[in-house]
Amino acid sequence: MRASVPVFIRRALAIALAFSVFTPITLVNLAVVTTSAQAKTRKPSIAEINEAKKKEAEKKAAADRTKAKLAAASNQLKVLTAKAVAARNRYLQEVKKLEIATKKAEAAKKKEDVAIAKSNKAQTAVVASKTHIGRVAANAYIMGSGFTDFDSILHADGPQDLMDRLSTLDAVGENNSSILLRLKVAEESARLAKIEAEEARAEAVAARKEQADATARVAAAKKEADEARDAQEAEVKKLQQMQNQLIAELLSARKKRVTLEQQRQLAILEEALAARAEQTDVKAKIWPVNGIGFSNGRTTIRSNESIREQALAFAKKQVLARKPYVWGNEGPNSFDCSGLVYAAYRSAGLGYPGWDRVNSRIYYSWTKRIPLNELQPGDLLYYSYKADISTIHHITIYAGNGMMWEAHNTKKGLLYSSIYSIPGLIPFGGRV
Numbered sequence: 001m002r003a004s005v006p007v008f009i010r011r012a013l014a015i016a017l018a019f020s021v022f023t024p025i026t027l028v029n030l031a032v033v034t035t036s037a038q039a040k041t042r043k044p045s046i047a048e049i050n051e052a053k054k055k056e057a058e059k060k061a062a063a064d065r066t067k068a069k070l071a072a073a074s075n076q077l078k079v080l081t082a083k084a085v086a087a088r089n090r091y092l093q094e095v096k097k098l099e100i101a102t103k104k105a106e107a108a109k110k111k112e113d114v115a116i117a118k119s120n121k122a123q124t125a126v127v128a129s130k131t132h133i134g135r136v137a138a139n140a141y142i143m144g145s146g147f148t149d150f151d152s153i154l155h156a157d158g159p160q161d162l163m164d165r166l167s168t169l170d171a172v173g174e175n176n177s178s179i180l181l182r183l184k185v186a187e188e189s190a191r192l193a194k195i196e197a198e199e200a201r202a203e204a205v206a207a208r209k210e211q212a213d214a215t216a217r218v219a220a221a222k223k224e225a226d227e228a229r230d231a232q233e234a235e236v237k238k239l240q241q242m243q244n245q246l247i248a249e250l251l252s253a254r255k256k257r258v259t260l261e262q263q264r265q266l267a268i269l270e271e272a273l274a275a276r277a278e279q280t281d282v283k284a285k286i287w288p289v290n291g292i293g294f295s296n297g298r299t300t301i302r303s304n305e306s307i308r309e310q311a312l313a314f315a316k317k318q319v320l321a322r323k324p325y326v327w328g329n330e331g332p333n334s335f336d337c338s339g340l341v342y343a344a345y346r347s348a349g350l351g352y353p354g355w356d357r358v359n360s361r362i363y364y365s366w367t368k369r370i371p372l373n374e375l376q377p378g379d380l381l382y383y384s385y386k387a388d389i390s391t392i393h394h395i396t397i398y399a400g401n402g403m404m405w406e407a408h409n410t411k412k413g414l415l416y417s418s419i420y421s422i423p424g425l426i427p428f429g430g431r432v
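Just so you know, we're using the working numbering here: the sequence shown kicks off at 1 and counts up by one.
There could be a bad hint or two in this list.
Unchecked claim - Straight-line C-alpha distance at most 30 Å; calculated BS3-like pairs for lysine-lysine:
#, residue 1, residue 2
1, Lys222, Lys209
2, Lys412, Lys43
3, Lys54, Lys184
4, Lys222, Lys103
5, Lys55, Lys69
6, Lys223, Lys43
7, Lys54, Lys69
8, Lys60, Lys83
9, Lys121, Lys184
10, Lys184, Lys110
11, Lys110, Lys96
12, Lys209, Lys238
13, Lys222, Lys323
14, Lys97, Lys121
What the hints assert, rightly or not - With beta-carbon atoms standing in for the labels, derived distance ranges:
#, residue 1, residue 2, range
15, Thr391, Arg302, 22 to 32 Å
16, Asp113, Asp230, 52 to 62 Å
17, Asn50, Thr410, 42 to 52 Å
18, Ala71, Lys96, 33 to 43 Å
19, Ala47, Lys386, 18 to 28 Å
20, Ala202, Gln93, 19 to 29 Å
21, Ala57, Thr299, 30 to 40 Å
22, Ala62, Arg302, 50 to 60 Å
23, Gln245, Asn89, 30 to 40 Å
24, Ala71, Gly349, 50 to 60 Å
25, Lys67, Ala206, 21 to 31 Å
These aren't lab readings, by the way, just hints derived from the structure by calculation. Please read these numbers as outputs of a predicted model, since none were measured by experiment. C-beta: ideal position from N, C-alpha, C; glycine also.
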């Protein structure tokens, strides 16, 4: 890909080429063009450029200060990233602990349920045994027999006392002994089952508390991880905004400084070329005012300053693009002299459907006569082989400061040149 060439360099090349077409030809009656209208590039002052450099330097200093802030922010970002990772790991660990605590709580609950069921069953057995003994005692009372053996056993002070008393009851019948034994076994089983149930209940309560604590830790760890992540994202966004703002400010300051420098270089070049045009003797190439029909033309104009500026900008763009001259063409890739004029004003929104684009003489008839000393940028210039309209052979667009934009010929192409670089200049311009 071809490297991009700055506009002012391309324009300078075009200007330089324009002066290669100067050919001294002397005609009668010199006419000097003096005009206050200048379509030249604005020339920024040294003070403006220095001010732009100063602002660019300030932006550079701000960039250096911001660089330190960016470094600190980057370090903070690393800390936040590590914190987010650690919080995430803790969160995952607490999730695992919660899973274990949940399983443990579920197992404790099942164990508690089994123990309670077992205790209830034992209590039921005790009640059943006591009910059975009650019936036996009632029968004994009705039959008139004593119940001292039952009374002795029922009032034992404990397991050892119970065994001692049972050993003395050899006289008690086997039936009564079995009944009493089942009662005591049932009571002991109920007592043990109750203890087991209470222990299981306490274990379940502890497991549920552990589960609740684990749940709280998980929530806290997740909150910490989320906050760390949010802080990290906020810091990243802050960094990005700082970088974007810094880049935008630097580019803006640099663009302004470069633009001013290029404008000044171009303006200096234009001034030099214009001065050269003023000093050359090619001004002798203007036809005398007494030529036939030179004053004919429109009494009004159709353009305004804005339209002429747009047409001028279009012509300038084509010349700086170094587009070739091709007879009969009106763009977009090549032009002849009247084709460039036609395309320039057409681009500005002003067309003449009745014009013959190829015939420069018709342009002369359809424009208002303007003396050369009253030319404005965008006016048209005409060149004739003889001192009359019928031999007009070339048309250009006045650029100001004694210069013009033109489609010269197949060899030279499109040029920015002195209005005196071509012999036979008619002493009137044309305002569209």
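Comparing the hints with the structure gives:
1. Lys222 x Lys209: Between Lys222 and Lys209 the Cα gap is close to 20 Å, so the pair holds against 30 Å.
2. Lys412 x Lys43: The given pair, whose Cα atoms are some 28 Å apart, holds under the 30 Å limit.
3. Lys54 x Lys184: violated (107 Å)
4. Lys222 x Lys103: Measuring from Cα to Cα gives roughly 21 Å; hence the hint holds.
5. Lys55 x Lys69: Status holds; Cα separation ~21 Å.
6. Lys223 x Lys43: violated (63 Å)
7. Lys54 x Lys69: Status holds; Cα separation ~23 Å.
8. Lys60 x Lys83: violated (34 Å)
9. Lys121 x Lys184: holds (15 Å)
10. Lys184 x Lys110: holds (28 Å)
11. Lys110 x Lys96: holds (21 Å)
12. Lys209 x Lys238: violated (43 Å)
13. Lys222 x Lys323: Cα-Cα ~68 Å, so violated.
14. Lys97 x Lys121: violated (36 Å)
15. Thr391 x Arg302: 22 to 32 Å: 26 Å Cβ-Cβ, so the 22 to 32 Å window holds.
16. Asp113 x Asp230: 52 to 62 Å: For Asp230 against Asp113, whose Cβ atoms are near 44 Å apart, the range 52 to 62 Å is violated.
17. Asn50 x Thr410: 42 to 52 Å: Hint holds: Cβ distance 46 Å, inside 42 to 52 Å.
18. Ala71 x Lys96: 33 to 43 Å: holds (38 Å)
19. Ala47 x Lys386: 18 to 28 Å: violated (52 Å)
20. Ala202 x Gln93: 19 to 29 Å: holds (27 Å)
21. Ala57 x Thr299: 30 to 40 Å: violated (57 Å)
22. Ala62 x Arg302: 50 to 60 Å: holds (52 Å)
23. Gln245 x Asn89: 30 to 40 Å: holds (36 Å)
24. Ala71 x Gly349: 50 to 60 Å: Holds, since Ala71 and Gly349 (Cβ atoms, about 55 Å apart) stay within the stated range.
25. Lys67 x Ala206: 21 to 31 Å: violated (58 Å)
Hint violations for this structure: numbers 3, 6, 8, 12, 13, 14, 16, 19, 21, 25, all remaining hints satisfied.
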